[in-house]
Amino acid sequence: MTGEPLMLLSVLGHAGDRDWHDRLHAMEHLGQVEVLAIPEAEAARKRMRVRSDRGRDCAIALSRDQSLSDGAVLYCDDRLAIVARVDGAARLRLTPASVDDALRLGHWCGNLHWKVVFLPGAMQVVLEGPVQRYLDRLRDLHGLADFTVEAPHDP
Amino acid sequence: MTAARVGIGGPVGSGKTALIEAILPHLAAAGIDTAVITNDLVTDEDAERLRRGGQLPPERVLAVQAGACPHTVIREDPTLNIAAADRLERDFPGLDLILIESGGDNLASTFSPDLVDFWMFVIDVAGGDDIPRKKGPGILQADLLVVNKADLAPHVGVDLPLMLDQAQAVRGGRPVIATVCRRDQGVAGILDLLRREVLFR
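Residue numbers (our numbering), protein chains in the order written: chain U, 1 to 155; chain G, 1 to 201.
Don't read these hints as lab results, they were simulated from the structure. Possibly wrong hints are sitting among the right ones.
[Said to hold, decoys possible] Pair by pair, the computed Cβ-Cβ distance ranges are: (1) U:V117 - G:R174: 23 to 29 angstroms; (2) G:H26 - U:D19: 42 to 48 angstroms; (3) G:P154 - U:G55: 39 to 45 angstroms; (4) U:A37 - G:E45: 38 to 44 angstroms.
Note that beta-carbon positions come from the ideal geometry of N, C-alpha and C, so glycine has one too.
Only chain U is shown next, with the shape it has when bound in the complex:
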């Protein structure tokens, strides 16, 4: 293996916490904060190799009872802090016209093993690939159920 990554073994805190916020704010002014951009679909992983926004090679290896979230502080010393930025995935919003349509739609999405978030009267499909891939599958259902599709938007 070439080059040793910086090991990040635990979540030290959250950038939104008051103490961390003040400390990180001061370090940002000194250019001492680096960010790891992690897609939402990957955030459940406990281990990953990732480069910071400044190209630093990092290896995350959390214990099973810890998890990555947006703002997780993974490293901090006198000269460097590393914070995770979990990017929210794009989503499709599906709204069925009736209960019968909702049953069809729910069964269809379950059959496709899509990750969904339930909302009152609607559900969001968390996109883990190109949106067209999802629209292609929904096209087949339009003759069987009445529902509307809203284009991806930020969560």
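Start from chain U and add chain G according to the hints.
Relative to the frame of chain U, chain G by itself:
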């Protein structure tokens, strides 16, 4: 550190268990302390095969029976596999790696990131050179695609370089490794990737 958890999925007969048999000696030589979880439908067939192989103490091979749909227990509800991995970590402190072999399935199986830190999908040339072009979720989403039984290509009318090129293309350049697990070809490359991506040693 806790043990890395690595999934191995793929169609029936593609060589998932053979890959484990082939990589265990490499892991042992590298000093990587390993255990295995197998998933079968209603038997412990794969676990028994690995135990008989003798490359790991039998108690380091646990079996999960999926009951039915094999990808449900690695994706929608991986509770049984998480419990088995937790048990291995409790029973063998200092474990570096847990390999989790899924039950044989089609091209649609994927692993939940709640269960594994990295997963590979194993196909074989005898299944047809059109498999990458079919773009199943396993092909597209795996961290590593393994194309096994590469030595059979000329016998089953498969253009291996073309198949590998197409696999690279549909995966957007993410890793693809050709192997002959029975002859230990290409297996060291898998270990190199695991060391870099999840073992960090």
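Hint check results:
1. In this structure the hint that V117 of chain U and R174 of chain G lie 23 to 29 angstroms apart at CB holds, the actual value being about 27 angstroms.
2. Checked against the hint of 42 to 48 angstroms, the pair H26 of chain G and D19 of chain U passes, with Cβ atoms roughly 46 angstroms apart.
3. For the hinted restraint 39 to 45 angstroms between P154 of chain G and G55 of chain U, the CB-CB distance of approximately 44 angstroms keeps it satisfied.
4. Taking the beta carbon of each, A37 of chain U and E45 of chain G are about 43 angstroms apart, inside 38 to 44 angstroms as hinted.
When held up to the earlier numbered hints, the structure conflicts with none and fits them all.
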